[in-house]
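Enquirer: Sequence:
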Amino acid sequence: MAQHTVRIWDLPTRIFHWALVAGVVALVITAKLGGNAMVWHLRIGHAVLALLVFRIVWGLVGGRWSRFTTFLYSPARLLRYLRGKPHPEDGIGHSPLGALSVFALLVVLLAQVASGLFSDDEIAFSGSLTRFVPNALVDQATRYHKDIGQYLLIGLVVLHVLAIVFYVRVRGQQLVKPMFDGDKLLGTPAQPARDDAVSRLAALLLLALSGALSWWVSSLAVTGF
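Here the sequence shown is numbered in our numbering, starting from 1099 and rising by one per residue.
Hints are computed from structural coordinates only; laboratory data are not their basis.
We put the beta carbon where it would ideally sit given N, CA and C, even for glycine.
Worth double-checking, as some hints may not be accurate.
[Claimed, not checked] Here are the computed distance ranges between Cβ atoms for each label pair:
id, residue 1, residue 2, range
1, Val-1268, Arg-1292, 28 to 36 Å
2, Gln-1238, Arg-1292, 18 to 26 Å
3, Arg-1175, Leu-1283, 21 to 29 Å
4, Arg-1298, Thr-1103, 39 to 47 Å
5, Leu-1307, Leu-1170, 23 to 31 Å
6, Thr-1103, Ile-1221, 17 to 25 Å
All chains, full assembly: derive it from the sequences and hints.
Expert: As structure tokens, then:
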């Protein structure tokens, strides 16, 4: 059977993925260290906020297989996949099960970052937006951020990694290499993702705007509206 090398993951998506991995690891480490490390926890949290804003917009306008519309599957298609009757395109980008993992991680990360912005441990950490909301909401956000959100996030990350190991080791699917070089070896032709200089420049501009938004949010802790 002829094999086709197809660009699936554009460079902006790949950079986002590995930057997010580094950011989440750094957030967990700084949270566990506490003390002076919480200054970096706050800074990294704002960096992750910028990444998430970028990914949400890129999920609307980015390369074909990075767009949410290409892996927003119906329940019926997910059930067929779980029953061993996948659609021909299920193995190109995110599979229906992989898509669930991606959306779950994005939602939990957004909740964790948002709750961090409204958290205050009254010792070494105060989110950028705490002074704009009632104390009761700050207390709720702090409890979620410390006692629920971080463990939910760690659990999802562990499940995500275990799923990747399963698909690589048991099913023989190459999932890691394409996230480095962007290409997948497919048994059938598929429309490649756009990954040219123009799209990369647009992604760079979007990342800069996302970073500016995150910086503005961080500045509210000092300047207010």
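Enquirer: Each of the hints needs a verdict: does it hold here or not?
Expert: Verification of the supplied hints:
1. Between Val-1268 and Arg-1292 the beta carbon distance is about 33 Å. The supplied range of 28 to 36 Å therefore holds.
2. Taken as a hint, the range 18 to 26 Å is violated for the pair Gln-1238 and Arg-1292, whose Cβ atoms sit roughly 43 Å apart.
3. Judged by the Cβ atoms, the range 21 to 29 Å given for Arg-1175 and Leu-1283 holds: they are separated by roughly 24 Å.
4. With their beta carbons about 20 Å apart, Arg-1298 and Thr-1103 fall outside the hinted range of 39 to 47 Å.
5. As the Cβ distance of Leu-1307 to Leu-1170 is approximately 24 Å, the hint placing it in 23 to 31 Å holds.
6. Evaluation of the 17 to 25 Å hint for Thr-1103 and Ile-1221 yields a failure: the beta carbon distance comes to about 53 Å.
When the structure is compared with the earlier hints, violations turn up for hints 2, 4 and 6 and for no others.
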